[in-house]
Amino acid sequence: MSLAQASAILPERGGLRGSLSDTLWRKPTVLLVLLLTPPVLWLGIVYLGSLFALLLQSFFSIDEFSGLINREFTFKTYGELLRPSNIDIIVRTVSMAAMVTLAAAVVAFPIAYFAARYARGKWKALFYLGVMLPLWSSYLVKVYAWKLILAKEGILTWLFAKLHLTWLIDAWLSLPIVGGNSLSVSFTGTFIVFLYVWLPFMILPVQAALERVPQNLVEASSDLGATPAQTFRNVLFPLALPGIVAGSIFTFSLTLGDYIIPQIVGTSHLFIGQAVYAHQGTAGNIPLAAAFTVVPIVVMGFYLWGAKRMGAFDAL
Amino acid sequence: MRSDRQSAPLGLKIAAAAGLAFLHLPLLLIFVYAFTTEERSYQWPPPGLTLQWFAVTWNRPDVWQALTLSIKVAAISTVIAMILGTLCAAAVSRTRFFGRETISLLVILPIALPGIITGIALRSAFNLADIPFSTWTIILGHATFCVVVVYNNAVARFRRVSGSLVEASMDLGADGFQTFRHVILPNIGTALVAGGMLAFALSFDEVIVTTFTAGQQQTLPIWMLEELVRPRQRPVTNVVAMVVVLVTLLPILAAYYLTRDGDQIAGSGK
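Residue numbers (my numbering), protein chains in the order written: chain V, 1 to 316; chain Z, 1001 to 1270.
I should point out that these hints are in silico values taken from the structure, not numbers from a laboratory.
Idealized CB from N, CA, C, for every residue including glycine.
Watch out, some of these pointers could steer you wrong.
Said to hold, decoys possible - These stretches of chain V come out as covered by chain Z in the derived footprint (C-beta under 8 Å, 3 or more residues):
| hint | region |
| --- | --- |
| 1 | 71–82 |
| 2 | 122–131 |
| 3 | 267–281 |
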């Protein structure tokens, strides 16, 4: 009896290691604090600290004559941000992001639907890797590949010439806004590369959303006499919408902040990212650059708020 | 249950296949261009095929320097990210506490906000604090956004490791460290390795944040960006592009095989 009691409550472990282990087990809060301190310190100080420092600087202004930064609280920089040329940049970037998002949803849907509904076993794995590999392969290499494709002497021109469709490219390039000297220096080119690079970010959440749609809903719909188009519009699409919105968070946010794609494939008209880069670099106008970065943060804030209301986060 | 599955409508098959082709053909094209004899332009079809650019690239010291720096940065950032990400995941998954959601948000934020914001924020902070740019400033930035991939993988796995295993180990007399070493670590090991590999691939490939946090040093992506903006020797860029595709391919495939029977695989939200 006494033996059983004695062994039910183990004696304290000896040694530093033993007592440390006991303390951590008895006081989970201490363990929690120990676990959380390094990551929170790192992210809190390194990341949030720099983010706040940046936002703070958007309330500074630059002295036009000396080029020095005036560290007094002012809204002058935000006034500068609202100049017509800067508004142009913002409008251009946001409309590009919107078009890319829309196109990504259209291209992603069939892939996601096929993978979710029809692909099984080996095919499923193949589809998954087929999306993951382009997603994770080097961003610059992907952009570079499109520079090769869209170049005037590149494969696309060659292909259209073989198909006797060169007139089509020429007609498209002679259009106002979307055209240009060649595809690699036009908005069309920028758009295609954006679409290509962010497409996998749209496919994955849409696929996840579609996988949760029970097959019998689709069957019930057609049993009740709906055509495939009606089933799509009234059953599939509403259920896939949270996934599309979740994917659009990525495509939208990534397009808003990118400055490399429009620099390599595109016109001389700036996007927000390029403007930020130019202002902080050669111009040395950190306050204006900081004010520019507030635009994507605010746009994404509203976007995320709207997405949350549509239940998009459950689809992530 | 119906046993006969309908096959997909033809239109859907074509749309899905076309979509996948759109995703993959550009990458395959890189492989062809690495062998082209054309030096001055991006001419298609290539006038001839050659292996000489591999030798030329092999003998370029700047490529080797960039590659070494990239590997070094990716390795150190991965180690830091693995430690921080695992600690965070362990804390978030084993207990519910005030501010738990905030911690998840804090981890995801560096990757959810556009890279240019992370980059310029770090750069201006380094400037304010008078920290000179070095390899370590690059690593600082990379580790910050790599935490999330390790964290995602580890959280998914921690959720599946049953708490009773830990209690059983304790009941059998193991102390906390022994339990960690013999029970928890073997269970989460593959998820950590997978997360680490993805973090490595992410860091190896990162360019936007790096342009802001690097001084004179060139990582491989910075080198490539430089070549894209001001081309010097196009065939060398072609070869490097191909090598980069292969180098990032392997960790991704490995990570996939390590976590494929998992309920959730990292990657949503690069």
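Outcome, coverage of the region 267–281 of chain V by chain Z - at least 3 residues whose beta-carbon is closer than 8 Å to one in that chain: Coverage by chain Z holds for the region 267–281 of chain V (4 residues, Cβ < 8 Å).
Examine the region 122–131 of chain V: at least three residues should have C-beta closer than 8 Å to a C-beta of chain Z. Per the Cβ count (6), the hint holds.
Report holds or violated for chain Z covering the region 71–82 of chain V, Cβ cut-off 8 Å, minimum 3 residues. violated (count 0)
Going through the hint list in order, the structure does not satisfy hint 1, though it satisfies all others.
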